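Q: Residue strings, one per chain:
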Amino acid sequence: MENWSLVSICVLFGLTARWAVSLNSYSGAGKPPMFGDYEAQRHWQEVTYNLPVHEWYFNTTDNNLNYWGLDYPPLTAYHSLLCAHDHGFDFCWVLVADLLIYIPAVVLYSFYLSEGSNKKKVCTVLCILLYPGLILIDYGHFQYNSISLGLALWGVVVLGLGWDVLGSLAFVLSLNYKQMELYHSLPFFCYLLGKCFKQGLAGRGLFLLVKIAVTVLVTFALCWLPFLSDPGQILQVVHRLFPVGRGLFEDKVANTWCSLNVLIKIKTILSTDTQLYISLTTTLLAILPSSIKLLMKPTLWQFKLALVNSSLAFFLFSFQVHEKSILLPALPVCLLLNDLPLPAIWFLQASTFSMLPLFLKDGLLVPYVVTSLAFLFFSIYLLSALEHCSEDKLRLGPYRRLLICMPRMDLGRFYFSITAMAGLSFMSVALAPPAQLPDLFPLLVSVFSYLHFLGLLLYFNIVQIAEPPQSVRKNQKKSN
Amino acid sequence: MCYLYVEVHSVISIPPRLIHRGQASVYDTGWYIVLCCGVVLLTMTVFSGYFSHSTDFEVHRNWLAITHSLPVSKWYHENTSEWTLDYPPLFAWFEYSLSHVAQHFDKEMLVVQNLLYTSPATILFQRLSVIVTDIVFIYAVKECCRSVREEKGSKDLLGHPFFILAALLLWNFGLLIVDHIHFQYNGFLFGILLLSVARHLQGRHLEGALLFTVLLNLKHIYLYIAPAYGIFLLRSYCFTEDNTDGSVRWSSFSPVRLVALGSIVISVGALSFGPFIAMGQLPQVLSRLFPFKRGLCHAYWAPNVWALYNMVDKALSVLGVRLKLLDVAKLPKASMTGGLVQEFQHSILPSVSPSITLICTLLSIMPAVLSIWCRPRGARGFLRCLVVCALGSFMFGWHVHEKAILMAILPFSILAVESREDAGIFLMLTTTGHYSLFPLLFTAAELPIKVLLMLLFTLYSFTSLKKLFRGSLLNPLETTYLLGLVAVEILCEVVYPLSPWQHTMPFVPLLVTSVYCSLGVCYSFIRLYVSLLRQHGTDKHKQL
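Protein sequence lines correspond, in order, to chains H and G.
Heads up: the first sequence begins at 490 in the numbering used here, then just goes up one per residue.
Heads up: the second sequence begins at 2 in the numbering used here, then just goes up one per residue.
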């Protein structure tokens, strides 16, 4: 069958799966007084439609910031205003956003920037579209992550095709939609800077640098235009976007601090300032190797891996991380499905599993089970993941000896891990936790996911630092 | 446990090579499992909490309650709810066995007085029961795929007829919508029908006959295709040989086979109706099964001949009033578009009674049935006759529901992947028939899913059949008609609700959909008949 019809069928299937999930209950359905994210979106439409711009981020009599105050950058606010004009069925807007922004980016990425036969590219499109985490959060929990992630993906695709200025424009728009995209900002910065260095700072490199810098500044200015008149406005918006007063972590999240808290109660031992410094230092240390490598060698392969490593390091070590932020490393890992199927599938499954407590709270158990099974089944079958787990294929290069002391990535461990995740999911639903440990199951889920993320962070870092095999190097030359 | 692991591993790891290297056979199970899993997982995603507002939900809950809580003698007398038991006894026994599982989910749904009871556990159980009974359908489709003629020469998996057939059946839009978004057990019932057809295609006629008798005792609407079965079995099974010119060789009649068939029919019937005949309730059961008090058309007109008939009648009456040829006061007041299932009179054209529809139906299927008597073409001829009977009864039947189009579409899929002409008719019939199901889902939440699923199925059927038969299958007129469906959809869903007539004449979108689709369905019926008679004609020529 021709490509376009196969791709259309995959896209339609992806959209159908998304809508089917949205027909289930959503976050906060029937749960007063705060309800959930659905109510937040609806409230923002109300605020942006009825109040003037300079009151959107301020606590006034009309705008009580404690009740779902706006805490995303201006583009989200403008989008809410747009939705408010046609307050039809809100889930339709998520579908439209997906169709217009995220899905075209996925299709373009698979067809222009990944290797393999046409069939393999179509399979990649389907598997990326079936990633359960994004479907469940956007359509079940109700958010618009596909817009920010889609714009970031457009940035990657456009940069991969060689149009640096447009790529940086796309990423700045993405950043202005959700500030969490800062997790991806360092790789973008290092990649573009590295390219400028490569072209020589004396000539074309400098020119490129200036072009990019001007684009970035102008885009920021345009997005923040209504707020530029008053420095107080800008400060208040920044204050809403980065609530540093809130502490090292909230709830249970699969990162280092929450897991460490099980053994040492760091939240109570250390002061907020010390916590901030420790988290800052560890994050910087974790992202340093991959960023330096990218700076020295700005190729698409390095860029994709740096995106993974940087966002995953931020997730594991940063301040005030939410479990939904796992979607940020998940996006670049989706891009690696073609090249490293088994580790990518493992990570994506673990990322969905790590959000299980959130899904249970929202009543999304069945969609969670079904989409996870569908994703596992289709991706393993279509991408032949189980055949690509030899040491060569795992691209470890000369560093494979390093991993002798660590658990190896093989099929047995993969099956064990999936079974354990299934078992823990079942226990979270079926069993009641003991009275003295009411948070036992969410904690087990987050610690188990954390171990996976740590291991995979190490693995992806090694892959990035190791020399890529010949075939990959040839493709890099083409895309540079 | 280890065995299961090995099995699963082998299933998952073998097939990928097939997709990429192009050697596939219908006996490999991997791709089939993928297709099945896809559809099962999709239906499961929808089911967990989704309660559609169709009445079928309450109907089946009521039947679970009746069969569980009341003794057998009261089953066909019970009428607390308006949805009385109107399927044959074997289906009642089926509901009875389901009710034993249901009591573990929620005992309250089994209380007859709990009308419109919809707890989450009830919804969960009901939907789960549809999905689990779909296993019959999945098995039947596998058997049908084995019976499809394979062309020699290596093709990649997606181009094989059996793969296309499996996809067209498992992912059939109509079945998904009616069973899983609305609520019926059609997957289970059509599974039995397709299994029976598959057995006939494989030459195992007794099993096919048994399955069909069981099916008849589960849902009596399949009486419509009973003539095809009856004549085929009589002609091709009871007469073991034909003359050289294809006509009946009376001497080869085998009484043994006739007795075997008869005993199958009688024993299944006895199992099903036996208890009720013993209790003397047969008339009551029959009156429940065949309620002719309902009107010529359902509240929403099925796209058949009577829809066109009603339309012409209405148009003539409006025209007559405008041209002052008729007196408004003298016209019958009852409106057939009102939405209630009452009997009514036509204004200008003669009224239609149940017996007239029966005569029309019999007349419409007579040529097809006679053709398989005179010139039987084996199991495939029987299948074609079956489709014609199903479609004929849909066209002319009394109080036909638009869901009945599936009875023609599903078996026809088997013929569609084997012949180019059939593929063309199939595309026309399927697209129109599926579109006519749209008014069944009328809430805003269901709009995207029905549009997406329809697009998915239509796109797949067109591209895969086009590739299989290498070239365009529809002429420009047909293509224009099908594109017109898009215009009708936009008109009904978007334009009309915003117009001022939405409140005064709310039935107009239904009317337009019904009449437009009936044109397509009638056209497909005529084309199918022409192809059947033409084949009959060529056979005759061959003999001469």
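The hints are simulated quantities; they were obtained by calculation from the structure and are not laboratory data.
None of the values given here were measured: they were computed from a predicted structure.
Careful: at least some of the hints might be erroneous.
Said to hold, decoys possible - Straight-line distance between alpha carbons at most 25 Å, and here's what the computed BS3-like set of lysine-lysine pairs gives:
no. : chain 1 : residue 1 : chain 2 : residue 2
1   : G       : LYS315    : H       : LYS608
2   : H       : LYS782    : H       : LYS700
3   : G       : LYS108    : H       : LYS608
4   : H       : LYS609    : G       : LYS315
5   : G       : LYS467    : H       : LYS609
Claimed, not checked - Listing some non-contacts, in silico: residues in chain H with all C-beta distances to chain G over 12 Å:
no. : residue
6   : GLU491
7   : ALA509
8   : LEU655
9   : LEU933
Glycine residues also receive a C-beta, built at the ideal position from the N, C-alpha and C atoms.
Q: Any hints this thing doesn't respect? Which numbers, in order?
A: Numbers 1, 3, 4, 6, 7 - these are the hints that the structure violates, sorted from lowest upward.
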